[in-house]
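Mind docking chain B on chain A? Use the hints.
From first to last, the protein sequence lines stand for chains A and B. FYI, our numbering numbers position 107 of the first sequence as 107, with every residue one higher than the one before it. Just remember that our numbering sits 372 ahead of the position in the second sequence, which is counted from 1.
It is worth saying that the hints were derived from the structure and are not from the lab. Keep in mind that this is a model prediction, so the values were computed, not measured. Think of the CB as a built atom: it goes at the ideal place given N, C-alpha and C, for glycine as much as any other residue. Careful: at least some of the hints might be erroneous.
Here are the in silico distance ranges between beta carbons for each label pair [as the list claims (entries may be wrong)]:
| id | chain 1 | residue 1 | chain 2 | residue 2 | range |
| --- | --- | --- | --- | --- | --- |
| 1 | A | PRO258 | B | LEU423 | 44 to 50 Å |
| 2 | A | ALA255 | B | LEU711 | 25 to 31 Å |
| 3 | B | CYS492 | A | ALA255 | 48 to 54 Å |
| 4 | A | LYS284 | B | PRO569 | 35 to 41 Å |
| 5 | A | THR193 | B | LEU423 | 53 to 59 Å |
| 6 | B | PRO569 | A | LYS332 | 38 to 44 Å |
The calculated DSBU-like cross-link candidates involving lysine-lysine, where the alpha carbons are at most 35 Å apart (straight line), are [what the hints assert, rightly or not]:
| id | chain 1 | residue 1 | chain 2 | residue 2 |
| --- | --- | --- | --- | --- |
| 7 | A | LYS64 | B | LYS714 |
| 8 | B | LYS714 | A | LYS171 |
| 9 | A | LYS76 | B | LYS714 |
| 10 | B | LYS425 | A | LYS47 |
| 11 | A | LYS64 | A | LYS271 |
| 12 | A | LYS64 | B | LYS425 |
| 13 | B | LYS425 | A | LYS65 |
| 14 | B | LYS714 | A | LYS47 |
| 15 | B | LYS436 | A | LYS117 |
| 16 | B | LYS436 | A | LYS119 |
| 17 | B | LYS425 | A | LYS36 |
| 18 | A | LYS359 | A | LYS47 |
| 19 | A | LYS117 | B | LYS714 |
| 20 | B | LYS436 | A | LYS64 |
| 21 | A | LYS171 | A | LYS322 |
| 22 | A | LYS136 | B | LYS425 |
| 23 | A | LYS76 | B | LYS436 |
| 24 | B | LYS425 | A | LYS271 |
| 25 | A | LYS161 | A | LYS76 |
Here are a few chain B residues that sit away from chain A, every Cβ distance over 12 Å (derived from the structure) [as the list claims (entries may be wrong)]:
| id | residue |
| --- | --- |
| 26 | ARG388 |
| 27 | MET422 |
| 28 | SER444 |
| 29 | HIS525 |
| 30 | ASP704 |
Each chain is listed here by its residues.
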Amino acid sequence: MPHKILSRRAFLRTSAGLAGATALGTLPMAARAAGKLTVGFIYVGAKDDYGYNQSHAEGAAAVKKIPGVTVVEEEKVPETVDVTKTMESMINFDGATLLFPTSFGYFDPFILGLAPKYKDVRFEHCGGLWTPKDPKNVGSYFGYIDMAVYLNGVCAGHATKSKKIGFVAAKPIPQVLENINCFLLGARSVDPTITCQVIFTGEWSMPVKEAEATNALCDAGCDVITAHVDGPKVVMQTAAGRGAFICGYHADQSALAPEKYLTGAEWNWPKVYTGFVEEVLAGKEIPNFVRGGFKEGFVKMSPLGSANSDAARKQFEDVKAKIMTGDFVVFKGPLKDNKGNTVIPAGVSQPETDVALEKMNYLVEGVVGTTS
Amino acid sequence: MAEQSVTMAPGTGGRRTEWLAPLARRAEGVVLPVAALIAGFALFALFLLMLGKSPVDFYELVYKAGFGTAFSWQNTLSRAAPLLFAALCVALPARLGLVVIGGEGAIVLGGTATGALGVCLAGTPGVVGLPLMALGGALTGALWIGAVGALRHYRGVNETIASLLMAYIGIALMNFLVEGPLRDPASLNKPSTAPLPRSLQVGDIPGMDVHWGLIVALVCCVLTWVLIERTSWGFAARIAGGNVRAAQVQGLPVGRLIVGFTALGGAFAGLAGFYEVAAVQGSANASLAAGYGYTGILIAFLARQNPLAIIPVAILLAGFEASSGLVQRRMDLPDATILVLKAVVFVVILVSDTLYGRFRLFSPERWRTR
Numbered sequence: 001m002p003h004k005i006l007s008r009r010a011f012l013r014t015s016a017g018l019a020g021a022t023a024l025g026t027l028p029m030a031a032r033a034a035g036k037l038t039v040g041f042i043y044v045g046a047k048d049d050y051g052y053n054q055s056h057a058e059g060a061a062a063v064k065k066i067p068g069v070t071v072v073e074e075e076k077v078p079e080t081v082d083v084t085k086t087m088e089s090m091i092n093f094d095g096a097t098l099l100f101p102t103s104f105g106y107f108d109p110f111i112l113g114l115a116p117k118y119k120d121v122r123f124e125h126c127g128g129l130w131t132p133k134d135p136k137n138v139g140s141y142f143g144y145i146d147m148a149v150y151l152n153g154v155c156a157g158h159a160t161k162s163k164k165i166g167f168v169a170a171k172p173i174p175q176v177l178e179n180i181n182c183f184l185l186g187a188r189s190v191d192p193t194i195t196c197q198v199i200f201t202g203e204w205s206m207p208v209k210e211a212e213a214t215n216a217l218c219d220a221g222c223d224v225i226t227a228h229v230d231g232p233k234v235v236m237q238t239a240a241g242r243g244a245f246i247c248g249y250h251a252d253q254s255a256l257a258p259e260k261y262l263t264g265a266e267w268n269w270p271k272v273y274t275g276f277v278e279e280v281l282a283g284k285e286i287p288n289f290v291r292g293g294f295k296e297g298f299v300k301m302s303p304l305g306s307a308n309s310d311a312a313r314k315q316f317e318d319v320k321a322k323i324m325t326g327d328f329v330v331f332k333g334p335l336k337d338n339k340g341n342t343v344i345p346a347g348v349s350q351p352e353t354d355v356a357l358e359k360m361n362y363l364v365e366g367v368v369g370t371t372s
Numbered sequence: 373m374a375e376q377s378v379t380m381a382p383g384t385g386g387r388r389t390e391w392l393a394p395l396a397r398r399a400e401g402v403v404l405p406v407a408a409l410i411a412g413f414a415l416f417a418l419f420l421l422m423l424g425k426s427p428v429d430f431y432e433l434v435y436k437a438g439f440g441t442a443f444s445w446q447n448t449l450s451r452a453a454p455l456l457f458a459a460l461c462v463a464l465p466a467r468l469g470l471v472v473i474g475g476e477g478a479i480v481l482g483g484t485a486t487g488a489l490g491v492c493l494a495g496t497p498g499v500v501g502l503p504l505m506a507l508g509g510a511l512t513g514a515l516w517i518g519a520v521g522a523l524r525h526y527r528g529v530n531e532t533i534a535s536l537l538m539a540y541i542g543i544a545l546m547n548f549l550v551e552g553p554l555r556d557p558a559s560l561n562k563p564s565t566a567p568l569p570r571s572l573q574v575g576d577i578p579g580m581d582v583h584w585g586l587i588v589a590l591v592c593c594v595l596t597w598v599l600i601e602r603t604s605w606g607f608a609a610r611i612a613g614g615n616v617r618a619a620q621v622q623g624l625p626v627g628r629l630i631v632g633f634t635a636l637g638g639a640f641a642g643l644a645g646f647y648e649v650a651a652v653q654g655s656a657n658a659s660l661a662a663g664y665g666y667t668g669i670l671i672a673f674l675a676r677q678n679p680l681a682i683i684p685v686a687i688l689l690a691g692f693e694a695s696s697g698l699v700q701r702r703m704d705l706p707d708a709t710i711l712v713l714k715a716v717v718f719v720v721i722l723v724s725d726t727l728y729g730r731f732r733l734f735s736p737e738r739w740r741t742r
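If we strip away everything but chain A, and leave its shape as in the complex, we get:
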């Protein structure tokens, strides 16, 4: 029987090869371990919706560029047991230790329910109101985008000829009402006779209704239109197609109709998210309750479109400079709602940082529409 004898040299060669292969095999693992941080982003809609979800996905894309950070993303996750399982799946299968579930409805009961089970994971939620009785590994952050919408209103006030502007809104909830009010107050800073007609579609994402609402506003004579829905693409295209000027929201929609686009209120999540992740990499804790506006880089404006007049540009820049210094207040008394009740008495002013604004339940005088 032929018997192959293993020479010392062959033995050494083989074992060196094996060791090398083993080392190579473990390399990706080691690299992953050295990568320190896996971050999970969860969106309620499509990542390329020209709106809310896209603005967050742009933030995730910026985080991806930080060395040593792995980003995992999942889109179209409903606000049901689905999101709990997606978070757990990211923790269990991907080793994520920092999660950004970005839809408002993820907060209670899903994030608040899951956080105590995974104490080593940090849950950062957009839009929620974290209170000290909530788990310590949960945080909530949001931006004062209403100030950016006010600037939208300034441009709209200068552009409107009919003195009627329109707003396509999803639901009559505080964040949306605040934006509608800011849009009109911005326009009224130009001309106090301007009115704003609002139509609620009742859904965060319902393109057919959004198009119908936009057409109805145009039919009613509104010549500047903006929106607060998850993806304003349909509203922008429909309004521009009808010849109205448009103000963007959530993300930059200027590409959809550059000649009609005045400006837009945008989130600046790339700055916020890279800031958060760098804090975590540096071993620091993200505060549980974070809010920020223009000054902190949470929100920004789309570049001014060519349709803006010089007067509009000047007022826009002036107001923006005042907002940057932090002493510009939109909501100050005396302020009446559109039913004639005084909602902010004379002498009272509510700066952007006032948490009371996050509970807004009225439409200001001059808004045509009802909250219920």
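Frame of chain A, contents of chain B only:
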């Protein structure tokens, strides 16, 4: 079918393969859908290859995320509970030849009723409150889908269209109630009913991360099978489903059967809503309209409207959904990928329906005489 072959058996006896005859038809009902499922998977693999993705990786991920680990199983099972109920809402009326596709409306309204009752019953112990809430949810669903059956029988309104349109009305009604009269003023940016107190929430099955709704749904599937296959009511429903005129001539209460079966299906959908509110959401809100009712249609058709077959099919589909996230993250495929897979499987299964009775292999005669 089984009854017929059993009664015929003594007369025709003789062949050795005689005992296979009653099994042949049943085998057809299992082999054809399974073969269609495999064909669907194969077609979808072609689709993946076209996208330049590996089907092997894909099915491996689906297995891992849906069924591969203890966490995966809990993920799958917790998604299966509402799907089982939703599928029953399709399968029950189907026995009468009715295609009801609006279970979503009953789920949403059943959930809303549960949320509203929870507010009224706050302070009562769970043993009293929970059954009342479940009853309320089920009754609401029963009324909603029962109305579809009644419209069908007494007014001749097409039940498919009616149920689908009523689902939209149901969702709109839920939104109105949750954002208006039933809204908890403290629910600022997500209008909801007041949160249920701890005592009125349904807990998890001990040792699992899955709520009790799963067990109840499984029991409901078995009971529905018994009702359809082993009671005179089920027998009457099958007759009416086969030929309404014949059933009427026989003196069967066709109207009551139709309203009863649609209402029972609606009650199951209402229960799905009850568990969504009492075990998952903790309050009624717009998240109730999560599309379970529509997935239920797919499951019922894949299961060929058999309540027992609904169980494995619902678990399989829930596993698909459980894996959709990992597929997105690992293979960089869009969320719609799993939707395409479901659609391909659905179409192939529908096409396979035309193959029944085409194969001699499954004909009882084949095994009796030649």
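When the hints from earlier in the document are held up against this structure, which numbers fail?
-> 1, 22, 25, 28, 30
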